[in-house]
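Peer 1: Based on the hints, put chain B in the right spot on chain A.
Sequence order for the protein chains is A and B. If you're matching positions, the first sequence starts at 316 in the working numbering and goes up one per residue. If you're matching positions, the second sequence starts at 316 in the working numbering and goes up one per residue.
If you are wondering where the hints come from, they were derived from the structure by calculation, not from laboratory data. There are no misleading hints in this set.
Pairs count within a copy or across copies, as identical chains cannot be separated in the list.
The list that follows gives simulated cross-link-like pairs (lysine-lysine, DSS-like), each with its CA atoms no further than 27 Å apart:
| hint | residue 1 | residue 2 |
| --- | --- | --- |
| 1 | 408 | 477 |
| 2 | 533 | 489 |
| 3 | 489 | 477 |
Number of protein chains: 2
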Amino acid sequence: MSTHGQGIVVLVSGGVDSSVLVHYVAREPGHGGIHAVSFNYGQRHSRELVCAAYQAKAAGAVEHKILDISFLGPLLREGSVLLAGGNAVPDLKDVPDRERTQPPTYVPNRNMMLLSMAAAYAEAHGMREVYYGAQAQDEYGYWDCTREFLERINAVLALNRKEAVQICAPFVDKSKAEIVGMGFELGVDFSHTWSCYRGEETACGTCPTCVERLNAFKAVGMEDPIEY
Amino acid sequence: MSTHGQGIVVLVSGGVDSSVLVHYVAREPGHGGIHAVSFNYGQRHSRELVCAAYQAKAAGAVEHKILDISFLGPLLREGSVLLAGGNAVPDLKDVPDRERTQPPTYVPNRNMMLLSMAAAYAEAHGMREVYYGAQAQDEYGYWDCTREFLERINAVLALNRKEAVQICAPFVDKSKAEIVGMGFELGVDFSHTWSCYRGEETACGTCPTCVERLNAFKAVGMEDPIEY
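Chain A on its own, in the form it takes in the complex:
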C-alpha cells in the first residue's frame, strides 16, 4: 500500500470481487484518497455500474468516474457473448470443459485495455497505484486475471522513465469464497452488487458467474441477498 498519500485508483465494476476490494483498501492507512474508476464497455450487465457507484460511495471514495468506452462493444462483439448484441450468454452447464480456459464470456484483451487506461489516469494525476479485483480461481479461467499477467503488465509499466504506476491485485491468489468471507467481515452490503452476465431484472442463477457467486456464498455458509 502506498504511503505517499497522493491517492490511489481502484477499479470497481460493481461485482463481488471489486466491491470487497474497494472496502478492503479503504481500511488501509495512508492511501491518500480512493479514486474509483468504472468502465462502460458495452457489457450486457451495465446495471453493475449502479452497484459500482453505491460501493464507491459506501467505501468513502473521494471520486467515482465512469469511463464510457462503449464504442468498443460493436468492435469486439464477435469475440464475446458478454457484449450487448453478441451471442447469448450460455449456462455454465452448457459450456464444454475444453472451453473453460478461455470461455465465451471472455472479452478480448479487456483487462489490459482497462488497466492501461487506469494507469494513464493515475500517472496524469500523480498517483502511483492502481488496484483491481483479479482473482485467479474463477470457475472459468481468464488469462488476464492471473498472477503472471499482473507481473508481466507491471514489467511493461516499470519502463516508465519518471514515475512508474504499479498494478496491485491483492486478491489474485484468493478464492471467491475467501473474498466473500472478507466482505462480510468488512461489512460490505452484497445486496448492492451485481454479477449476472445476462443483465436482466433478476439474476439468472445459471450463467457462469451466477453459479460461481452462489457457490462462494454457500461455501462460507451465508445467504446471497440478491434476488434470483
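Peer 2: Showing chain B alone in chain A's frame:
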C-alpha cells in the same frame, strides 16, 4: 509477416513513421488485407487523422477505422501538453536536456492504451498481428517506443490461452531519416502527412516533432513538401 492471410491491423496516425509503415507492410505478400486503425485521443493535432485516412486509402487498406477515445483528453490533460486544453507545446530549444527522456509532449501511457485496444480488435476478428510505427531514435525519448517495451508488451499478450496477438514494430531500430528514405522509395506522398504538435494551419517548424521531421528530410537530401 503473417502468412495466415486473415488480415493485419496497422495503426496509422498520419505522421511520417506510420504513413511509411502502412505502405511498407502493404508491399509484403500474404498479409490478407490491411485494417487501418487511428485514434482520436483529444490530440491538438487531430488534423493528422485526415492524413491517416489518405494514407490508409493510398496503401490499399480494406478498411480504416477512427476510434474516438477523446473522452480521455480531459482526464489526462494534466499529464501532457499534447492534449487540447493543456499547457502550450514548447519549442524544442526550450526543453531542458534533463526532460528529454520523458518530455512534456509525452502522453501518459498512450501507446499501451492504443495497442491494447488494437490487439483486442485484432483478436475479436481473428487477426494475429498489429503493426505500429515505433522508432526508438526520436529526438525525444519515449519509453513506450522502445524495443524493450515491444518485447514486454508481447510477453503480456503471449499469455492468451487461445490465439495470442503479436505487436510488430519493424521500424523500432530505424532512425527517422531512414524511414523518410524508405518512404521516398515506396512512393509515399509526404504532402499528406502531418507531424506538428501545435496543430495550426501550417506546421510551426520549431516544436520538437517539426525539428525532428525537418532534420530527417535534410539528412536524406530531400525537401519536405508540407508548408511551414
